[in-house]
Amino acid sequence: MPDFWENVIRFPRFFISATLGLVFTIIGPFLNLLRRPQTTIIFIIVLISISLFVSLTLKAMLNLDT
Numbered sequence: 019m020p021d022f023w024e025n026v027i028r029f030p031r032f033f034i035s036a037t038l039g040l041v042f043t044i045i046g047p048f049l050n051l052l053r054r055p056q057t058t059i060i061f062i063i064v065l066i067s068i069s070l071f072v073s074l075t076l077k078a079m080l081n082l083d084t
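One rule links them: number in our numbering = place in the sequence shown (from 1) + 18.
Since the hints were derived computationally from the structure, they do not count as laboratory data. Each residue gets a CB set at the ideal place from its N, CA and C atoms; glycine is no exception. Careful: at least some of the hints might be erroneous.
[As the list claims (entries may be wrong)] Straight-line C-alpha distance at most 25 Å; calculated SDA-like pairs for lysine to any residue:
id, residue 1, residue 2
1, Lys77, Ile63
2, Lys77, Val64
3, Lys77, Leu65
4, Lys77, Ile62
5, Lys77, Ser67
6, Lys77, Ile66
[Unchecked claim] Quick list of simulated restraints, FRET-style, between CB atoms:
id, residue 1, residue 2, range
7, Leu80, Leu49, 29 to 35 Å
8, Asp21, Asn50, 41 to 47 Å
9, Ile62, Met19, 53 to 59 Å
10, Leu82, Met19, 50 to 56 Å
11, Leu74, Pro30, 35 to 41 Å
12, Leu82, Ile44, 29 to 35 Å
13, Ile59, Ala36, 51 to 57 Å
14, Lys77, Ala36, 48 to 54 Å
Let the sequences and hints guide you as you build the complete structure.
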C-alpha cells in the first residue's frame, strides 16, 4: 500500500513535466522563426490574421453586435 501512495504523489510531478515538455516541443520551432526579422514580421502578421478571423467568425456565429 505505501507504494501506491508514493505513485499517487509522483503523478502530479510527472503530469507537470510532461505538459511542459509538450509545450516546449510545440513552441520550439516558432521560436526559431522569430530569430530572423523577416520571418518575425510574417509570423506576427499571420498571428494577427488568425486572431482577427477567429474573433470575427465567433461574433458572426454568436450574433454579437460590439
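Right, here's what the structure says about each hint:
1. Lys77 with Ile63: Roughly 21 Å separates the two Cα atoms, so the pair holds.
2. Lys77 with Val64: holds (20 Å)
3. Lys77 with Leu65: holds (18 Å)
4. Lys77 with Ile62: holds (22 Å)
5. Lys77 with Ser67: Roughly 15 Å separates the two Cα atoms, so the pair holds.
6. Lys77 with Ile66: holds (16 Å)
7. Leu80 with Leu49: 29 to 35 Å: holds (34 Å)
8. Asp21 with Asn50: 41 to 47 Å: holds (43 Å)
9. Ile62 with Met19: 53 to 59 Å: Once the Cβ atoms are compared, 55 Å apart, the range 53 to 59 Å for Met19 and Ile62 holds.
10. Leu82 with Met19: 50 to 56 Å: holds (55 Å)
11. Leu74 with Pro30: 35 to 41 Å: holds (39 Å)
12. Leu82 with Ile44: 29 to 35 Å: With a Cβ separation near 30 Å, Leu82 and Ile44 satisfy 29 to 35 Å, so the hint holds.
13. Ile59 with Ala36: 51 to 57 Å: violated (34 Å)
14. Lys77 with Ala36: 48 to 54 Å: Violated - the Cβ-Cβ distance for Lys77 and Ala36, about 36 Å, lies outside 48 to 54 Å.
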